[in-house]
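**Q** Okay, here's what each chain looks like letter by letter:
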Amino acid sequence: MKYFRLIWKNVWRKKIRTSLTVLSVFVAFLLFALLSAIGFAFRGGVDVADAERLVVIDKISLINPIPMSYLNRIAATEGVESVTHSTWFGGYYQDPRNQFPQFPVDPQSYYDMYPEVSMPPEQLEAFKRNRTGAVVGRELAETYGWKIGDQIPIQATIWTKADGGRTWEFQLEGIFSTDDPRGSTALMLFQYDYFEEARAFGKGTVGWYILRVAKGADPIRVANAIDLQFANSPNETKTSTEAAFAQSFTKQFGNIALIVMLILGAVFFTLLLVSGNTMSQSVRERIAELAVLKTLGFGDGAVLGIVLSESILIMLMGGLLGLGLGWLIIQGLAQQMGAFLPGVFLSPKAIAGGVATMIGAGTLAGIFPALKAMRLSIIDALARA
Amino acid sequence: MSDILARLEGVSRIYLKGKERVEVLHELDLEIPKGDFIAIMGPSGSGKTTLLNLLGGLDKPTAGTVNVGGAELSSMSNSQLSHWRSTNVGFIFQFYNLLPVLTALRNVELPLLLTDFNSKERVKRASIALDIVGLADRAKHYPRELSGGQEQRVAIARAIVSDPSLLLCDEPTGDLDRETADEILRLLQVLNREHGKTIVMVTHDAQAADYANRSLHCDKGTLEAKEAA
Numbered sequence: 001m002k003y004f005r006l007i008w009k010n011v012w013r014k015k016i017r018t019s020l021t022v023l024s025v026f027v028a029f030l031l032f033a034l035l036s037a038i039g040f041a042f043r044g045g046v047d048v049a050d051a052e053r054l055v056v057i058d059k060i061s062l063i064n065p066i067p068m069s070y071l072n073r074i075a076a077t078e079g080v081e082s083v084t085h086s087t088w089f090g091g092y093y094q095d096p097r098n099q100f101p102q103f104p105v106d107p108q109s110y111y112d113m114y115p116e117v118s119m120p121p122e123q124l125e126a127f128k129r130n131r132t133g134a135v136v137g138r139e140l141a142e143t144y145g146w147k148i149g150d151q152i153p154i155q156a157t158i159w160t161k162a163d164g165g166r167t168w169e170f171q172l173e174g175i176f177s178t179d180d181p182r183g184s185t186a187l188m189l190f191q192y193d194y195f196e197e198a199r200a201f202g203k204g205t206v207g208w209y210i211l212r213v214a215k216g217a218d219p220i221r222v223a224n225a226i227d228l229q230f231a232n233s234p235n236e237t238k239t240s241t242e243a244a245f246a247q248s249f250t251k252q253f254g255n256i257a258l259i260v261m262l263i264l265g266a267v268f269f270t271l272l273l274v275s276g277n278t279m280s281q282s283v284r285e286r287i288a289e290l291a292v293l294k295t296l297g298f299g300d301g302a303v304l305g306i307v308l309s310e311s312i313l314i315m316l317m318g319g320l321l322g323l324g325l326g327w328l329i330i331q332g333l334a335q336q337m338g339a340f341l342p343g344v345f346l347s348p349k350a351i352a353g354g355v356a357t358m359i360g361a362g363t364l365a366g367i368f369p370a371l372k373a374m375r376l377s378i379i380d381a382l383a384r385a
Numbered sequence: 001m002s003d004i005l006a007r008l009e010g011v012s013r014i015y016l017k018g019k020e021r022v023e024v025l026h027e028l029d030l031e032i033p034k035g036d037f038i039a040i041m042g043p044s045g046s047g048k049t050t051l052l053n054l055l056g057g058l059d060k061p062t063a064g065t066v067n068v069g070g071a072e073l074s075s076m077s078n079s080q081l082s083h084w085r086s087t088n089v090g091f092i093f094q095f096y097n098l099l100p101v102l103t104a105l106r107n108v109e110l111p112l113l114l115t116d117f118n119s120k121e122r123v124k125r126a127s128i129a130l131d132i133v134g135l136a137d138r139a140k141h142y143p144r145e146l147s148g149g150q151e152q153r154v155a156i157a158r159a160i161v162s163d164p165s166l167l168l169c170d171e172p173t174g175d176l177d178r179e180t181a182d183e184i185l186r187l188l189q190v191l192n193r194e195h196g197k198t199i200v201m202v203t204h205d206a207q208a209a210d211y212a213n214r215s216l217h218c219d220k221g222t223l224e225a226k227e228a229a
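Sequence order for the protein chains is A and B.
Residues in the first sequence are numbered consecutively from 1, following our numbering.
Residues in the second sequence are numbered consecutively from 1, following our numbering.
Calculated directly from the structure, the hints in this document are not laboratory data.
Treat the hints with caution; some may be incorrect.
Stated by the list, open to error - A few chain A residues that don't get close to chain B, going by computed Cβ distances all over 10 Å:
1. R5
2. S24
3. D106
4. A126
5. I259
6. I263
7. K294
8. L371
Claimed, not checked - Heads up, simulated DSS-like pairs for lysine-lysine below, C-alpha to C-alpha not over 30 Å straight-line:
9. A:K2 - B:K120
10. A:K349 - A:K59
11. A:K238 - A:K215
12. B:K140 - A:K14
13. A:K372 - B:K220
14. A:K215 - A:K59
15. A:K9 - B:K120
16. B:K220 - B:K60
17. A:K203 - A:K59
18. A:K147 - A:K161
19. A:K2 - B:K140
20. A:K15 - B:K120
21. A:K372 - B:K19
22. A:K9 - B:K140
23. B:K140 - A:K15
24. A:K14 - B:K120
25. A:K15 - A:K372
26. B:K124 - A:K9
27. B:K17 - A:K2
28. B:K17 - A:K372
The structure displayed is predicted, hence computed values, not measured ones.
Quick reminder that beta carbons are idealized off the backbone N, C-alpha and C, glycines included.
One chain only, chain A, in its complex shape (with noise of 0.2 Å):
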């Protein structure tokens, strides 16, 4: 700490080239925040995804329905406490733009399947006396204006009517939240006996199951022996555990996380280029002046700690400036595109990455410059000085 003061003053002695170079860290790194949360959000319930829980789709696609009629096998299978069902159903609410995801369930098996989900009692028992009702989570409510007793129409883009409507009518039951900032409430569900009933096609069918493993066995097991008992009917299953369903639901939009990972990497390449030139810039102007301290007995450490520390400072100032920045945008966006895009959330993960990638960075710029200004020999800086 006590050769800080020189460090700073050694970062702002060409001030516009220190800003210059700390408005591009800042860029970068706001950029970073900014495409790790997105990336989150295209990522879904991966990361809050819970072992024990399992999802059994067509083994061919997910958008192929299973016969619903697997239920009780799947629930009669060794090892499964608990199954419950959904099914995408892919409407918007007044305007296309309006999109966010509707799926019809069975309200109690799904409620049960999801204790990380709460919703006070007396709505979840009006929603499951009402065959027209629908929850919805606080995120939609908050973004739309809803409130328990409005009439929700949706339009439908799969799912005609049997009457050949496409608009399906709900009413608003109750609203549910989640502890976990990290999960999404930006859905609706509502009851799939109505669904069951008023859909044109597609009956006794349903989109994928969700089991909740028993305590103690062995989720592959349980997975294999679920698949084997399909093996060879006109509806085979593919079993995995909830992240890797999310996984494959979010390769629908393409592999996002190699986008997003394939910018960054073009981005910090550029960024090690423009602070690497700045270090070694600011090494070559003031080669006598490093000369001098090891002339007044800084050892090489010092220097070499002196002029990394100058790196890594410059990288934090931008780097911590653009996560700050890029985290108020974010959360400005989760209110704006919370119901299109869900789950858009600057995970501490993400943060603490962002903060060990500056320090990387900052090293990696400054380590040739500082290894340059450790190895000075004094006696030929000073002749040239």
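Knowing the structure of chain A, use the given hints to seat chain B on it.
**A** Chain B in isolation, oriented as in the chain A frame:
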């Protein structure tokens, strides 16, 4: 002899310039008593600065030994020499070599960053050093706000702040006008006479050499005493 601060015995220094061997100092012997003020004169390339570098532990001899204050510099590692320099020797350069980003006070404080003194103590000692060179009122000025003579005074304060026994001056007045040069030389005399500092000064200036107790003439890598004019 305990009165001897520095002793050089059979010191040679050979540099390689490409494939050519250049012998800058040749089997040089020198004793510097404590409290002496020596001026070393001689033409460019005669080895004056090399001699100063050896005395200050900035360079090592190719042959022979350099002993300063009981420390055998020729056998010390680079890190040992760094540590030794920080407490035993002060350097004064022709072009002052102050750090432009630091105020006079903070420049003087630099050598103390290598000690265990806390911030308050470091500032106190740096202020005393500035007071000794008569620049207490310029403590918060940056080098660009000082005249050449004032900058050299700050450099002298930096050289004495950790209270070394030996001051090495490489052309300390080479960049100054006559009047300012005389002020600096008088200051060095005060440090020598009143504060007991042993001073070795390299100079081209015969008038500057007059401020020293004795002068040595360096030529072709050897030293000889110079007769007083």
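**Q** Take the hints in turn and mark each one as holding or not.
**A** Here's how the hints hold up against the structure:
no.	hint	result
1	R5	violated, 7 Å
2	S24	holds, 22 Å
3	D106	holds, 69 Å
4	A126	holds, 68 Å
5	I259	holds, 43 Å
6	I263	holds, 37 Å
7	K294	violated, 7 Å
8	L371	holds, 15 Å
9	A:K2 - B:K120	holds, 12 Å
10	A:K349 - A:K59	violated, 34 Å
11	A:K238 - A:K215	holds, 22 Å
12	B:K140 - A:K14	holds, 20 Å
13	A:K372 - B:K220	violated, 33 Å
14	A:K215 - A:K59	holds, 26 Å
15	A:K9 - B:K120	holds, 20 Å
16	B:K220 - B:K60	holds, 18 Å
17	A:K203 - A:K59	holds, 20 Å
18	A:K147 - A:K161	holds, 26 Å
19	A:K2 - B:K140	holds, 19 Å
20	A:K15 - B:K120	holds, 29 Å
21	A:K372 - B:K19	holds, 25 Å
22	A:K9 - B:K140	holds, 14 Å
23	B:K140 - A:K15	holds, 20 Å
24	A:K14 - B:K120	holds, 29 Å
25	A:K15 - A:K372	holds, 23 Å
26	B:K124 - A:K9	holds, 21 Å
27	B:K17 - A:K2	violated, 40 Å
28	B:K17 - A:K372	holds, 22 Å
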